[in-house]
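*Asks:* Chain residues, written in single-letter form:
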Amino acid sequence: MASDIYFNKDHHAVRMAVREFVNKRINPYVDEWEKNGFIPLHQVFKQMGELGFLGIRYDLQYGGEGLDYWYECIFYEEFAHIKGCSLPLAAAVQISMATPAIYEFGSEYLKETYLKPALKGEKVAAIAVTEPGAGSDVSAICTTAAANKDHYILNGSKTYITNGAQADFLTLLARTSDEPGYHSFSLFVVPTDLPGFSAGPKMDKLGMRASDTAELFFDNMKIPAQNLIGKQGEGFIYQMKQFQHERFAVLPLAYTLVRDMADITVEHLKNRVAFAKPLIAKQVLRHRLAGYLAQAESLQQLTYHIIRMKMAGQDVTKQVSMGKLIAGDLIIKAAGGCLQMFGGSGFINDTLISRYYRDVRLLSIGGGASEVMSDIIAKTSGF
Amino acid sequence: MDILVLLKQVPDTESMISIADDGVSIKGDGLKYVINPYDELAVEQALKIREAQGGTVTIVSVGSAKTEQAIRTGLAMGADKAVLIDATGMMIDGLGTAKIMAAAIKELPCDLIFAGHRAVDDDNYLVGPATAEFMGIPNISMAIKAEVQDGAIVCQCTVEGGTKDVKAMLPALVTTQRGLNEPRYTSLPGIMKAKRKPMDVKTVADLGLDAAELKPLVTIKSMSQPPERKGGRMIEGDSVQAKVAELVRVLHEEAKVI
Ligand SMILES: Cc1cc2nc3c(=O)[nH]c(=O)nc-3n(C[C@H](O)[C@H](O)[C@H](O)COP(=O)(O)OP(=O)(O)OC[C@H]3O[C@@H](n4cnc5c(N)ncnc54)[C@H](O)[C@@H]3O)c2cc1C
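So the protein lines, in turn, are chains W and A. If you want my numbering, it's the position in the first sequence, counting the first as 1, plus 9. If you want my numbering, it's the position in the second sequence, counting the first as 1, plus 41.
None of these hints come from the bench; they were simulated from the model. As the structure is a computational prediction, the values presented were derived from the model and not from experiment. Even for Gly, the Cβ is constructed at its ideal location relative to N, Cα and C. Treat the hints with caution; some may be incorrect.
So the derived list for chain W, only partly shown, Cβ under 10 Å to chain A, looks like this [to be verified]:
#1 I14
#2 M25
#3 K33
When you get a sec, could you build the whole thing from the sequences and use the hints?
*Replies:* Here you go:
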């Protein structure tokens, strides 16, 4: 197996542990979660926390495993085998979207109070950046946090927040000054059990139907000053760094999903006879699938290159943006192409391929749209 | 309490098995290997008893270098240490394995032994009971409950159409049956700790056994694949009643199962 060049026995053991968990404790429940439009995250994260899946690259000191990006990548590669993307999304929020900034810039107090329980799976985390009036243009957010003695007063709203309805705390970006520029924002840990917080009704979405996505409201909510992450005014910079972890997490999910979609499509084409032969005999279909696999392979290689860059302490903003751009385009093309090969059955809602098709549509939108990735690539390339 | 677990590495039951060119063995390349599922129950039960009573859990396995992977999984579940008897290249049958096990166990502190009731590759049902026999200790087969009480192991076992309660004084050997417990999942901290746990590697000669003693009494003459499963058959009929009547007739007259 080619991947043995990259992975040793320990990596393999971790891979097997995640795979067994996905096969036995996750996949049997996915259909039910999809039907209910809900995943009991406190229960599932508790199980994941006990097995050490939530803090792979975080320090032992905070209940992490002290391992490196290769292990995290293995985790995501295996988690992508879940039959639907809602839980991988929820887990990626917990692991790579809402906690990296607390770990990197947060005080010991914040790490003890929020990071540790999040890694144990005792607290569910969400990342709250997007607002009704500001998505791609993060600097347009208008939720405010006004400093007032030993606390901040939070006012405003956030929308499309994954895990929003179940979260125990939010890692939230708010404006702390009216001045123009990037130093007017701060990142906070906002516990959802304080007065002034409320969540809107569940949103009815195209895909990711088991993931809870909510609009959140903050009405004169008093946030203790010690819940500020790092320094006041640095939140935007912290969040841009945090986005790198979020976007990286998408890559192993994407190339693994492309392969899984190709696998179930090949299986279908082998069994589906048309014009007196199994459809897999059609060269046009074989070539289409081969194209997806070739691109998945190159995305995997870019991902492994990024891991090596990260391990060497290099800035990966440009490469991660390239990866996310490629991943978003590829997975939407592959999902559409595979669904096409399923014919009418692909159009039926409860088939796996149609679930993938709906779920993966988010990839080129969430966590920074493809066009935003292209902007970053252009800028970091000097034009 | 010092508890031993006899553990075998077997091909994953989900693997596609193909027969090797010699016609008497299977192709090992590309197969995924796992702990024999019944031995996983054995590890779990040993860990449960250790957690309740204190003591150690030691894995004993006869295999080759690649067996380490299955052993490390058992250590990652929580066993304390392991002994691997490397028998690479030797042709050994179930009785031979039991002889090796008995010789290896003689050198270890041992109050209680758990083993799977069979390995899912060879389906011999032999190594556990034969090891007990060579050691001269009691054997209890196919336990679905196993508790230590006052120097004895008290088990509930499956028998044809029912269960029986059995008790044996320690030391004793107990083989496991599905239903005994739900094996725990390996955790990342478990995997990392397992790397530092001791695994003794010994050869058959180290145990004072010579090859002649282990000459297999059973040899495999040939292997063949089971016949391909035929496609399903739909029962036709105008009403549910008619379909059921036809189904009963087919099961009774053609399949002869009812
Ligand atoms: C299911 C789901 C879950 C989400 N989870 C979260 C979450 O947990 N936390 C969170 O904070 N947010 C979350 N989001 C929000 C997501 O990050 C935003 O939707 C995304 O950043 C795009 O912002 P927008 O929706 O405001 O689109 P807009 O900013 O209005 O952009 C619309 C479109 O315009 C184009 N566009 C944007 N900028 C440019 C540009 N510079 N050049 C050219 N074209 C451009 C793109 O095609 C883009 O898709 C989630 C969204 C969804 C759908």
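*Asks:* Double-check W:M25 for me: the hint is only fine if its C-beta lies closer than 10 Å to a C-beta in chain A.
*Replies:* 7 Å, holds
*Asks:* Once the shortest beta carbon distance from W:I14 to chain A is found, is it less than 10 Å?
*Replies:* With a minimum Cβ separation of about 17 Å from chain A (threshold 10 Å), the hint on W:I14 is violated.
*Asks:* Against chain A, is W:K33 within 10 Å by beta-carbon distance?
*Replies:* Holds, about 8 Å.
Hint 1 from the earlier list is the only one contradicted by this structure; the remaining hints agree with it.
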